[in-house]
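Participant: Sequence:
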Amino acid sequence: MKAVIQTVEEASVKVDGIIVGQIERGMLVYFGVEKGDEESILDPFLEKMMKLRIFKDANGKMNLNLASSGGDILIVSQFTLAGDIYKGNRPGFETAAGADLARSLYEKAVEKLGQMGYRVQTGLFGAHMKVAYVNDGPETFILESDRLLHKRDGDSV
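Every letter in the sequence shown is one number past the one before it in the UniProt record's numbering, and letter 6, counting from 1, is 6.
Hints are supplied without guarantee of correctness; some may be wrong.
[To be verified] FRET-style restraints, in silico, Cβ to Cβ:
no.: 1; residue 1: K51; residue 2: G88; range: 32 to 40 Å
no.: 2; residue 1: I19; residue 2: H150; range: 32 to 40 Å
no.: 3; residue 1: I85; residue 2: V131; range: 16 to 24 Å
no.: 4; residue 1: Q115; residue 2: G17; range: 28 to 36 Å
no.: 5; residue 1: D57; residue 2: G88; range: 39 to 47 Å
no.: 6; residue 1: K35; residue 2: S68; range: 34 to 42 Å
no.: 7; residue 1: V131; residue 2: A99; range: 17 to 25 Å
no.: 8; residue 1: P91; residue 2: A127; range: 29 to 37 Å
no.: 9; residue 1: D57; residue 2: D100; range: 38 to 46 Å
In case anyone wonders, no lab produced these hints; they're calculated from the structure. Ideal Cβ placement from N, Cα and C applies to all residues, glycine included.
Required output: the full structure, derived from the provided sequences and hints.
Facilitator: Shown next as structure tokens:
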């Protein structure tokens, strides 16, 4: 799994000109699933993402996580995060999960985030989406389950 996480002042997703998800201040997450990803990875992945202290406190220091900042989350499925752009000039998607696995893990991620108490908005899985946002900072982070799990197993990163 991979996620590109951005702190935003606002963000929205349109499909066919209609807003399907929208937040004010919070976190915009592009969420990608790769072959071999399993549901067992989801909990530690989401826990790490939601514990990230990437929002500024009253002193301007990154010291708050999403919950303590009072923000919302907009999570958008993004299969191109699994794209390989290092061989040739056209991206290859051999490592991207199939639609069934990707949809299942995306929907479970949305469900789990809601169960964790977050206000969650979404894009529309598999649709051509227009994402608009105002990045705050700009601050953008990448979370990869492979690196997270290796670190959790005691391997150096």
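Participant: Hint by hint, say whether it matches the structure.
Facilitator: Hint check results:
1. K51 with G88: 32 to 40 Å: 38 Å, holds
2. I19 with H150: 32 to 40 Å: 39 Å, holds
3. I85 with V131: 16 to 24 Å: Distance hint for I85, V131 holds at roughly 20 Å.
4. Q115 with G17: 28 to 36 Å: 32 Å, holds
5. D57 with G88: 39 to 47 Å: Between D57 and G88, where Cβ atoms are some 45 Å apart, the hint holds.
6. K35 with S68: 34 to 42 Å: 35 Å, holds
7. V131 with A99: 17 to 25 Å: 20 Å, holds
8. P91 with A127: 29 to 37 Å: 19 Å, violated
9. D57 with D100: 38 to 46 Å: 42 Å, holds
Comparing the model with each numbered hint stated earlier shows that hint 8 is the single one that does not hold.
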